Amino acid sequence: MIIKSGNGASQVNMDALLIRDTVFIGEQGIDPALEHDQMDYERTHFVGYLEQQPVVTGRINANQNSWHLERVATLKNYRGRGFAQELLKFIMDQAQKQGIQSVDLNAQMSAQSFYFKLGFEAFGQPFYEAGLEHIKMHKNF
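Counted the way UniProt numbering counts, the sequence shown spans residues 1 to 141.
Just so you know, the hints here were simulated from the structure itself, not pulled from any lab data. Bear in mind the structure is a predicted one, so any value in this text is a computation, not a measurement. Honestly, I wouldn't trust all of these hints.
Listed below are the simulated SDA-like cross-link pairs for lysine to any residue, each with C-alpha atoms no more than 25 angstroms apart in a straight line [to be verified]: (1) Lys-4 x Arg-43; (2) Lys-89 x Tyr-49; (3) Lys-97 x Phe-116; (4) Lys-89 x Gly-119; (5) Lys-76 x Ala-130; (6) Lys-76 x Ser-5; (7) Lys-139 x Tyr-128; (8) Lys-117 x Phe-141; (9) Lys-4 x Glu-35; (10) Lys-139 x Ile-3; (11) Lys-139 x Gln-64; (12) Lys-4 x Asn-63; (13) Lys-76 x Met-1; (14) Lys-136 x Gln-98; (15) Lys-139 x Asn-106; (16) Lys-4 x Gln-38; (17) Lys-89 x Gln-11.
Simulated restraints on C-beta separations [stated by the list, open to error]: (18) Gly-119 x Arg-81: 18 to 24 angstroms; (19) Lys-4 x Pro-126: 29 to 35 angstroms; (20) Gly-26 x Phe-141: 32 to 38 angstroms.
C-beta: ideal position from N, C-alpha, C; glycine also.
All chains, full assembly: derive it from the sequences and hints.
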């Protein structure tokens, strides 16, 4: 898998939006008005490509010492094959190389065990976002 990053109106950003539309809007029924926001053009997106086809994505909100990981999604036909894990390891490696001390995220409850395997810890109480139950998770480096 080849991983690329981009923001603004880049092709990487457009590919990220395509994956998110398919997964979050098409499969999970999330309202497009909730899924799309101004941050789509301000945040850095990461996309994993197989044979030039976008298959997995995530975006980050970069702060001085931490990154907030958002909108992680894998196309249905590519799930369970380790692509999201590879993407997140790449993102966390990039964070560490830039001196970032931690990464946090709001995980859908159905994905909590996936993030546990990557070393994230849950904290706080579950909450609802876009009609789906989530939990805050955090990983220090």
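How the hints compare with the structure:
1. Note on Lys-4 and Arg-43: the hinted pairing holds, with a Cα-Cα distance of about 14 angstroms set against a maximum of 25 angstroms.
2. As the CA atoms of Lys-89 and Tyr-49 are separated by approximately 15 angstroms, the hinted pair is consistent with the 25 angstroms bound.
3. Our distance criterion of 25 angstroms between C-alpha atoms is met by Lys-97 and Phe-116, whose separation comes to about 22 angstroms.
4. Restraint check for Lys-89 and Gly-119: satisfied, since their Cα atoms lie roughly 10 angstroms apart, inside the 25 angstroms limit.
5. About 20 angstroms separates the Cα atoms of Lys-76 and Ala-130, which keeps this hinted pair within 25 angstroms; it holds.
6. Using a Cα cut-off of 25 angstroms, the hinted pair Lys-76 and Ser-5 holds, with the two alpha carbons roughly 21 angstroms apart.
7. Distance hint between Lys-139 and Tyr-128 is fulfilled; the C-alpha atoms sit about 21 angstroms from each other, no more than 25 angstroms.
8. Between Lys-117 and Phe-141 the alpha-carbon distance is near 15 angstroms, which keeps this suggested pair within the 25 angstroms criterion.
9. Our distance criterion of 25 angstroms between C-alpha atoms is met by Lys-4 and Glu-35, whose separation comes to about 22 angstroms.
10. Restraint check for Lys-139 and Ile-3: satisfied, since their Cα atoms lie roughly 22 angstroms apart, inside the 25 angstroms limit.
11. For the proposed pair Lys-139 and Gln-64, the alpha carbon gap of about 16 angstroms is at most 25 angstroms, so the pair holds.
12. A C-alpha spacing of about 20 angstroms is found between Lys-4 and Asn-63, which places the hinted pair at or below 25 angstroms, so the restraint holds.
13. Simply put, Lys-76 and Met-1 have alpha-carbon atoms about 16 angstroms apart, close enough for the 25 angstroms limit, and the pair holds.
14. At most 25 angstroms may separate the alpha-carbon atoms for a hinted pair to count; Lys-136 and Gln-98 meet this at roughly 23 angstroms.
15. With a CA separation close to 12 angstroms, the supplied pair Lys-139 and Asn-106 stays within the 25 angstroms bound.
16. Taking the CA atoms of Lys-4 and Gln-38, the gap is about 21 angstroms. The hint holds against a cut of 25 angstroms.
17. For the proposed pair Lys-89 and Gln-11, the alpha carbon gap of about 22 angstroms is at most 25 angstroms, so the pair holds.
18. Between Gly-119 and Arg-81, the C-beta spacing of about 20 angstroms keeps the proposed range 18 to 24 angstroms intact.
19. Between Lys-4 and Pro-126 the CB atoms are about 33 angstroms apart, so this pair conforms to the stated range of 29 to 35 angstroms.
20. Between Gly-26 and Phe-141 the beta carbon distance is about 35 angstroms. The supplied range of 32 to 38 angstroms therefore holds.
Checked against the numbered hints listed earlier, the structure breaks none of them; every hint is satisfied.
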